[in-house]
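> Sequence:
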Amino acid sequence: MTSRAFLDEYFNDAFEDTAKKRREVFDRGLLLIAHVIREELPTATAISVNASVLTAVHDGEGTIWRFNDGTRTKLNEQTCANIRDTLLDMRSFNRTDAPLLAADWKRVPDMTGTLRVDLPENPDEDQEQEAAPAADDRPHGTPGENAGNCAQCRRLLIWDGTGKRVNDEWGEYLCYDPRPGGTESRVHVLAARKTAQPQT
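Mapping the sequence shown onto the working numbering, position 84 (from 1) lands on 84, and the numbers just tick up by one.
Mixed in with the good hints, there may be bad ones.
With a straight-line Cα cutoff of 35 Å, these simulated DSBU-like cross-link-like pairs (lysine-lysine) come out [as the list claims (entries may be wrong)]:
#1 74 to 21
#2 20 to 106
#3 21 to 106
#4 106 to 74
#5 164 to 21
#6 74 to 164
#7 164 to 20
Simulated restraints, written as ranges between beta carbons of each label pair [as the list claims (entries may be wrong)]:
#8 28 to 107: 37 to 47 Å
#9 97 to 24: 12 to 22 Å
#10 50 to 7: 15 to 25 Å
#11 67 to 92: 14 to 24 Å
#12 102 to 73: 34 to 44 Å
Treat the hints as calculated values from the structure; they're not laboratory data.
Even glycine gets a Cβ: it sits at the ideal position worked out from N, Cα and C.
When you get a sec, could you build the whole thing from the sequences and use the hints?
Printed below as a string of structure tokens:
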């Protein structure tokens, strides 16, 4: 007969898996939002939102866009609509702010219901920085072929369609814990290939 303890653990395992997936939804949604915003506001480093409404975009100097003043024209309406739809999808995975707060979103003290979150770094720039600085020296390969293992998480990496970047077997560029390599890049890092020894 199945015990209560087993069923408790069985449920808790599913609950923990769901929480991890929900965090992935937040992280990937924020990555998408960051990309969309930076196409028009390339210096953006953080956003403020109220429910599913983008209320402000910030950079290192201050607020560069607000939904209710003259800066509004810096983001076109379709971009704002796309961000709203993504936020709606992200928020459909939670009923309270608690999971967002656990994912490092912060309450804005003087704006009820508004949360602020730092945007992730651009993975394209991050991956370029991990490679050699000279374009001719950057690693590249044949799209779809094995590129070796990630230096951080050790997952098998594959050259993407461009042959200039790598993703894992699920097509994911982001690198999630655990990261035994000890580094902190948000994207997969191609391990340095061993230089072949000259034949003697």
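> Has the given pair, residue 164 with residue 21, been kept, meaning a C-alpha gap of at most 35 Å?
Holds, because 28 Å separates the two Cα atoms, which is no more than 35 Å.
> Residue 67 and residue 92, beta-carbon distance inside 14 to 24 Å?
21 Å, holds
> Just to be careful, I want the Cα atoms of residue 74 and residue 21 compared with a cutoff of 35 Å; is the pair within it?
Judged against 35 Å, a Cα distance of about 33 Å means the pair holds.
> Using the C-beta atoms of residue 102 and residue 73, is the stated range 34 to 44 Å upheld?
35 Å, holds
> Taking only the CA atoms, is the gap from residue 20 to residue 106 under or equal to 35 Å?
It holds: about 20 Å lies between the C-alpha atoms, which stays within 35 Å.
> Is the Cα-Cα distance between residue 164 and residue 20 35 Å or less?
30 Å, holds
> Quick check: does the Cβ-Cβ distance between residue 28 and residue 107 fall within 37 to 47 Å?
For residue 107 against residue 28, whose Cβ atoms are near 23 Å apart, the range 37 to 47 Å is violated.
> Need the status of pair residue 21, residue 106: alpha-carbon distance at most 35 Å?
Since the Cα atoms of residue 21 and residue 106 sit roughly 21 Å apart, the hinted pair holds (cutoff 35 Å).
> Within 35 Å, alpha carbon to alpha carbon, are residue 106 and residue 74?
25 Å, holds
> So if I understand the rule, the pair passes when the alpha-carbon distance is 35 Å or less; does residue 74 with residue 164 pass?
32 Å, holds
> Regarding residue 97 and residue 24, is the given constraint of 12 to 22 Å on their beta-carbon distance met?
18 Å Cβ-Cβ, so the 12 to 22 Å window holds.
> Do residue 50 and residue 7 keep their Cβ atoms within the hinted range of 15 to 25 Å?
40 Å, violated
The structure does not agree with the numbered hints 8 and 10 stated previously, though it agrees with the rest.
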